[in-house]
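Q: Protein chains in written order, with my numbering: chain R, 1 to 240; chain Z, 1 to 240; chain D, 1 to 240; chain E, 1 to 240.
Honestly, I wouldn't trust all of these hints.
[What the hints assert, rightly or not] Here's a subset of chain E near chain D, in silico, CB distances under 8 Å, partners left out: (1) H78; (2) R84; (3) R94; (4) S108; (5) R118; (6) I126; (7) N132; (8) I138; (9) D142; (10) L147.
No wet-lab data here; the hints were simulated from the structure.
Note that the Cβ used here is the ideal one computed from N, Cα and C, for glycine as well.
There are 4 protein chains.
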Amino acid sequence: MAGLKVYLLKYTPDPELVVAKAAKVCYSRLSGEGLLGEIDKEEVRRLIRMLWNRGHLSVFEHASFTFSISGVSRALTHQLVRHRIASYSQKSQRYVDEQKFEYVVPPSVIKDPDARVRFQALMEEIRACYENLIKAGIAREDARYVLPNACETSIVATFNARSLHNFFRLRCCFKAQWEIRRLAYRMLSQVKRVAPTLFENAGPPCISEGICHEGIHSCGRILRVKIAREGARLERVEGN
Amino acid sequence: MAGLKVYLLKYTPDPELVVAKAAKVCYSRLSGEGLLGEIDKEEVRRLIRMLWNRGHLSVFEHASFTFSISGVSRALTHQLVRHRIASYSQKSQRYVDEQKFEYVVPPSVIKDPDARVRFQALMEEIRACYENLIKAGIAREDARYVLPNACETSIVATFNARSLHNFFRLRCCFKAQWEIRRLAYRMLSQVKRVAPTLFENAGPPCISEGICHEGIHSCGRILRVKIAREGARLERVEGN
Amino acid sequence: MAGLKVYLLKYTPDPELVVAKAAKVCYSRLSGEGLLGEIDKEEVRRLIRMLWNRGHLSVFEHASFTFSISGVSRALTHQLVRHRIASYSQKSQRYVDEQKFEYVVPPSVIKDPDARVRFQALMEEIRACYENLIKAGIAREDARYVLPNACETSIVATFNARSLHNFFRLRCCFKAQWEIRRLAYRMLSQVKRVAPTLFENAGPPCISEGICHEGIHSCGRILRVKIAREGARLERVEGN
Amino acid sequence: MAGLKVYLLKYTPDPELVVAKAAKVCYSRLSGEGLLGEIDKEEVRRLIRMLWNRGHLSVFEHASFTFSISGVSRALTHQLVRHRIASYSQKSQRYVDEQKFEYVVPPSVIKDPDARVRFQALMEEIRACYENLIKAGIAREDARYVLPNACETSIVATFNARSLHNFFRLRCCFKAQWEIRRLAYRMLSQVKRVAPTLFENAGPPCISEGICHEGIHSCGRILRVKIAREGARLERVEGN
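Build out the structure end to end from the sequences listed, making use of the hints.
A: Here it is in structure tokens:
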């Protein structure tokens, strides 16, 4: 297992500034050369928070982030590519030889010595079978049918900031599958470093929206937080 | 191997009529109640062909088609769901038990007795390992890491007619992978039955556009056809 | 003013059944022929509500709805087509003559006799100018530059049920612009007739999610409802 | 008329390098740290051309470009926002006062002194009417119903390189409407400066694909070019 590697390969320069400028176009007469200058950092933050609070998230789409992701299983990427508002380029098992494939072992298997031995022995058998098929002249695109979900893969993924918020909302939740949740938190920590305000509310619905969809499986914490919060808001509204 | 099953579960009623009506909205004063009547079949065909010839394919999007697909490998669905302008609901290996999973064997493996025996023996070992992991208390979402690409899955997929054209263009080409090509032709034959004009030009680029992207790997047939065709068009244009 | 006309031109037959079947594919071994039969109506409702409560809304996308909309202003359609997960075919001002264009008058203008007279007189002048330009040999695509936002247009729009939910969420809110809100409620009432469970929670966030984004401009009602509701949920969770 | 202003506000840094890296992930074992280094410029060009020739354009999506566009008519933006694989933030006529709106005059009107005088006089009347409505207490969102298609607006638009190619393909064609064609060529010249290889084939279908959809309205040039080209390709294929 080579292990999860996540790199923020490239991203829109000054992602928060470009979002703030786009916000200004919507709500003011600013345009043309007027957009080329700088905007004060405090003003950038204020504009981004206004967009978030109004739910005007289309403006977040102007900032885009490209990740190089490797050391993840094909089980993970099959989930990942279901996020359709994003762009993907993935290592092809049709073209790339997999005779020395690495694989991901779930933590629950690692912790159980018996299970782990069986898991690893099976991986060796799969490798041997794949090699045999290739040597027998079977094409890679057909030999790969024996490869496991655990098989490691690499993928380059580009998301805009709005689509990332949706990704974090679904995949940072403790009900998400462990491998993609681990990936989601890695991606989140990397974009937070370069766009802290844009992502300050990113995370599962309990964080981003103050909502929990898990019903009776919820941990309950969110509800207590909300009651307190709403009471305070009600006072503000009625006092308004 | 249960075998590929493709059913056209539901589709926009009168798919060609709805496309023709939408075309009329663009190019005429027709609207409101005026759109509720019938349109002559010959006129429907004429309008659809005009849209195709002009490349005004957004109008094709009003017709949508929902397929139930089963007996396909996870290798196939990992490719399928890369088509992002479509909707998918797939059997979850996180929730559904796979102790009796069926699997797809590539034709090249079936034809080679040695390879086939090896392939099937490995599938049995994977099954045994999966069962063992489940019995040891490993969750389905983790046990599935041993499952192969060959593992059969089911998926419901909805495409609009324009996105289907793109799908057929890429996946009916003889360079596409055999399993998804087989699926594509099955889907094509089903939609042709209910919308023959909408899909009369559907297929690989050599059919749909008179173009081949395979360069020096092309069979050459397309080029001869094109030269003849273009010569005829040139005469028409110059004679115009 | 010909007046707003909204027709549900076509839609996926049995839209709730197809969503329920797709849900079954995700969570059960059901597939192939097993999907062709009927599902009990009560079970359909149960499945749709489960999807809604889990936020598993991608399954709603299999049901698609095509509307014929006319008697709306170009101001409205400029907003409408910003909903990008939908398909549109609109009357073209490049191709269709607008010498007798109808127009939409905002209620606030209708109520003010002076404003109304001015508004209508201007529309007459615009018509006269458009006619003059056409007669002077200016192409329609250029003459239309004088046409007002109020100018009536027709559009065919296809949304899937998930995208419709998003549309209703934004455009049924009392902060949305009056004309598109009126359209949204008409569309909502039409889809509710054919898919009552699929759209039972559709509407502004205060209805669909129990959330309000309008901050200090909110009417406050939503907050009182929520506090009561959350208290009840908390009891259930803690009692669980 | 303030005049068309187009600025490439931000874009993915090293757009061609990021596309080349993503291509390498698909076709090689390169991943993780291996992706962080530089790639020789000649190799970058070779990879981009290979993607183009294979029609593997999803890889182009990793490069994204944000434009500030102003001095364009609402007629233009109503067309522009129909390109759904892009992100837009536009000056709102609901929020921003338009008492001093500028407007776009089509060249065909400028050239005709009579038409021009009429056009400009009408614009003055529209301005006066808008002002009157505002003064009478009509809200901006309703007063704007009198504003013309010619009214200038500003918009920030973000496209990825693949979606841009589609935009240039449709809007650089001499059959496209003059104003959006002018915009398209400005955008094209700006992205060519920062990503010359990525956009070397961008333009109308006759340039990008060697195809013309204009049928008997075509100028015929494209056909002659093609016959010569295909003849040369056929020789290569048959000689292969």
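Q: Run through the hints listed earlier and report the numbers of any the structure violates, in increasing order.
A: none
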